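2 protein chains.
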Amino acid sequence: MPIYNAPLADMRFILNDVFNAEQFWQSNAGLSHIDSATVDAILEEMAKFAQNVTLPLNRSGDEEGARIENGQVYTPAGFKDAFRQFADGGWIGLGADEQWGGQGMPKMLTVLTDEMLFSTNPSFQLYPLLSIGAGMALNSYASEEQKQTYLPKIYSGEWGGTMCLTEPHAGTDLGIIKTKAVANDDGSYSITGTKIFITGGDNDLCENIIHLVLAKTPEAPAGSRGISLFIVPKFLVNEDGSVGERNPVGPGSIEHKMGIKASATCVMNFDGAKGYLVGKENEGLAAMFVMMNYERLSMGIQGIGASEYAYQNAAQYATDRLQGRSATGAKQPEKVADSILVHPDVRRMLLNVRATNEASRAFAVYVGQQLDMTKFCEDQDTVKKANDRVALLTPVAKAYLTDVALNATLDAQMVFGGHGYIREWGMEQCVRDLRIAQIYEGTNGVQAQDLMGRKVVKNGGAFVATYLAEIREFANTLSADLDFIKQATLNSADKLEQVTKLVIENAQGNPDEINAASVDYLHAFGLVSYAYMFAKISAAASQKSGEFYESKLNLAKYFVARMLPELDSRIAKIQAGGALLMQFSPEYFTTYA
Amino acid sequence: MPIYNAPLADMRFILNDVFNAEQFWQSNAGLSHIDSATVDAILEEMAKFAQNVTLPLNRSGDEEGARIENGQVYTPAGFKDAFRQFADGGWIGLGADEQWGGQGMPKMLTVLTDEMLFSTNPSFQLYPLLSIGAGMALNSYASEEQKQTYLPKIYSGEWGGTMCLTEPHAGTDLGIIKTKAVANDDGSYSITGTKIFITGGDNDLCENIIHLVLAKTPEAPAGSRGISLFIVPKFLVNEDGSVGERNPVGPGSIEHKMGIKASATCVMNFDGAKGYLVGKENEGLAAMFVMMNYERLSMGIQGIGASEYAYQNAAQYATDRLQGRSATGAKQPEKVADSILVHPDVRRMLLNVRATNEASRAFAVYVGQQLDMTKFCEDQDTVKKANDRVALLTPVAKAYLTDVALNATLDAQMVFGGHGYIREWGMEQCVRDLRIAQIYEGTNGVQAQDLMGRKVVKNGGAFVATYLAEIREFANTLSADLDFIKQATLNSADKLEQVTKLVIENAQGNPDEINAASVDYLHAFGLVSYAYMFAKISAAASQKSGEFYESKLNLAKYFVARMLPELDSRIAKIQAGGALLMQFSPEYFTTYA
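So the sequences go chain by chain: A and B.
With positions in the first sequence counted from 1, the corresponding number in this note's numbering is that position plus 8.
With positions in the second sequence counted from 1, the corresponding number in this note's numbering is that position plus 8.
Hints listed in this document are in silico derivations from the structure and should not be mistaken for laboratory results.
Hints should not be assumed to be uniformly reliable.
Identical copies go unnamed one by one, so any copy, or any two together, can satisfy a pair.
[Said to hold, decoys possible] With a Cα cut of at most 20 Å, we get these calculated DMTMM-like pairs of lysine to aspartate or glutamate:
hint, residue 1, residue 2
1, Lys186, Glu342
2, Lys503, Asp576
3, Lys186, Asp346
4, Lys343, Glu595
5, Lys155, Asp248
6, Lys503, Glu574
Since the structure is predicted, the reported quantities are computational estimates derived from the model, not experimental observations.
Sequences are here, hints too, so could you generate the full structure?
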């Protein structure tokens, strides 16, 4: 039976010691009502919910899966009750504006509550996550009337939300979608088309579902400049806000997937369904990207959640499993064998996972703080800088965090030996459930391209330069006893700066050099960012005494010596350039027999 | 619908051009009856079998799975017929001695036929694989009478075989097994105990199943020196060789696994079952390791099989999928979008997979040739050297090939975007099915420990030294136009030599340094070996002209510039040493809340 204990000690350390969160909140008017005691109470409540409500439904949800009967999707046993508890606890609106029934809590906190849900039941967590994302897009682009109609119902959990982008022939390339929106006389539109991979496209958790749908009007320009965003409710909403007649939109089928089986991934058919324009015609993609960027950071948090869950179970298994003896002599001679924790390679796997988790968590809180600055700070220069930083780091948060998390869960699974491959121990489900996080909301390759192309090359490296300046400034404040992380951080920052320049130069002559470098650049960028996080963690830990803090420093040393060396190989691959990739004819790839 | 075309062109190139197989066969008496035409015909027949018989059962086998009813295991629909065709085709005995009904074909060939089966249906392939392994152990250690009783029935496919090692509390550490063997008056033994993770432990493919079981006699010494090997048939065998009464051994349940769901993984209960000693008491582990080492190379081939299948499907998908435009201008302007093959990062993923496959295949044939030398060469010095080489390379073939194959299948899955995560395209099953190859037959961590400890440090690096001498000797024969691979091979050999010395020295002072270095050393060793394989491939390709051969050279260049750089980071991690791993208290690992 898999275990989970919310890592509250590390979460508190990161908020309070690493990021001085309370000081940040108190110094910003929009957050000054928030204090550490409130935040701590919320973390503890969520820990209970995750441990007692969502964790017990994780395996049964995987085994039962979502199912469709007569055009209605049903979630696995227990999900409906859990969702009701979740909604009644006010969790859906935790980070939403109080005006619409939310609690106005900062992102620095919700990245941590989200992590607990992703640790214990990623399929469950996807249902409210999509609702929250839809709420954010509406909050940014919908009319006042639309907000009043939909937002309070979404945050109360009465209604759910989805994002409907992908079509069978159009995933990454949304410019070629075919779903049509034809204006009706009453100001609404008639939406017709098929969308696929729609998370929570139908379910039995909410009395109504608000689909946010990308579609093209008949006269729309070709490509991504001709995409509009529509609200398409499952049931039309009456004047008084009550649920009215069924709109002709519904699930055609649900996908059979590798994992997140309790999350209904639907093919959605829109057969002249009534839709309401959000914002202006042809400007739908910008609105959708409010939601998309929120989901992208969330996917990174899915990575942390899975990897933390994997760590805890693998560490417990390694402690309990007796097999073989230490190479330096029996450590538990009274037992038939030693715990496998005596073997350095078992520790290597566990430490890889733990170092990944602690750096990833710090990074998520860091990005959360930047997001809070964009929303709550009054100084416009600060807001501008934070917006640029969020733009730069969103693809990293989505793709790097999930890439390293998959490796981490694979390491944790390996600790179990054969037991990691069977259902009973939960590890194989953890790997299967996590794998999607590298794929959806834009594959990690697409994220890397976004980073390298739009966020680095396009602005001539300006965003990276300010980020590296911040990193160097911080590293230079470190005291002599932290020289190991100071030098590692400064050196890796130099390497990233040099390779950034190289790619920008190469791209002038050949734009293919951007995509040729992108994934290795993403990983180089992630490694430098994690060195920065360990610099911050080390600075905070060195101010305290006790094993908890000493271990933080030791883990930072482990990261520097046994994980950060990957940076050099990533840089060497970037330096090799793109010609090696493009030298093969298209036919080469399918000629092998 | 997933595709598969046996990569016969590459297989022929490796056998004929890279390894001059016919010349090798003709110069060894035991193999002189073999010629390229025969081998080619066998490859073509197996290609047909794999494409037409096992491939169509791969997805249905996964969906249906093996099942147990009233103590009898049933394989999925179609498996029984396919197994009968396989047996009737003489495939089970392809590499077995003609004396027992085999065809006496070399391992250099069967690594390639095995690959096709693993590409198209790994669950199916495991059933005959275990039979063949059991046959090999019996051929080496059983009495003449036992051989006559069991081997012809195994190679005809009438009877199957299993290996029964693992128990709930004893996996890697076989010294602590509890299964008991008590001598009966008639010279047989009474076997009692529980074994887990028994592949094909029961099935409906064969009329009888011959279990090879590790157990301890009452007076046996403690640990691995007190383990004996027994034949325990599902049905006792009558004097005339016919199947007699049921032996009290059978499956208690089958595991629910991440993948290879059509392969029945059984909990086996032995309730005083009649067993027959193989070889001598307390010397059972050596006999079992004949089978184990065979299976270990086979698991490496499982890696190649999965990765080849993944490559072909991903390359086809990438060719067909139209999405976005080339950064250098539309390549298919007449279509709605360009094939995603125009994107360098898609090519990066495909080339990673393809380079992995071609180097892995060459390496498997190389190891196969060494195994053939141990069996068929008359010169005892050659046999001794080949035995040492096989000992050195077996853990590499098992662990490195499956580690790189998992990464390759993950890359291939990513090429599909969201479609890679759903059942329809076959990629998610491919990843799930392959994952076990890193775990079973000794986890890859255990393989790495075997390499670093028993095969490197224990003999003071002697086996590595002769291997590196061979690599350098070959690299030095390369002509000037192959300088890119010559220098890369020589440089990486130097690096491996230096780090080998370092670990041997460190281990003198602290034996934990062996296990602390082992996995990174395995990967460094694998990278050097693949550089050697690409040196051989390049030498052969440079003798010919045409796109096929030019592409081999281009792929070698890709490997050197964009894959081999990982070597430096592996070495840096080894150099960091083990103290970083051992500095944490055991309690640290389970303290996180």
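Structure-based check of all given hints:
1. Lys186 with Glu342: between (70 Å within a copy, 18 Å between copies)
2. Lys503 with Asp576: For Lys503 and Asp576, both the intra-copy (8 Å) and inter-copy (16 Å) Cα distances are at most 20 Å.
3. Lys186 with Asp346: between (62 Å within a copy, 17 Å between copies)
4. Lys343 with Glu595: between (61 Å within a copy, 18 Å between copies)
5. Lys155 with Asp248: For Lys155 and Asp248, only the intra-copy Cα distance (14 Å) is at most 20 Å; the inter-copy one is 85 Å.
6. Lys503 with Glu574: This pair counts as both: shortest intra-copy Cα distance 12 Å, inter-copy 17 Å.
In summary, this structure violates none of the numbered hints.
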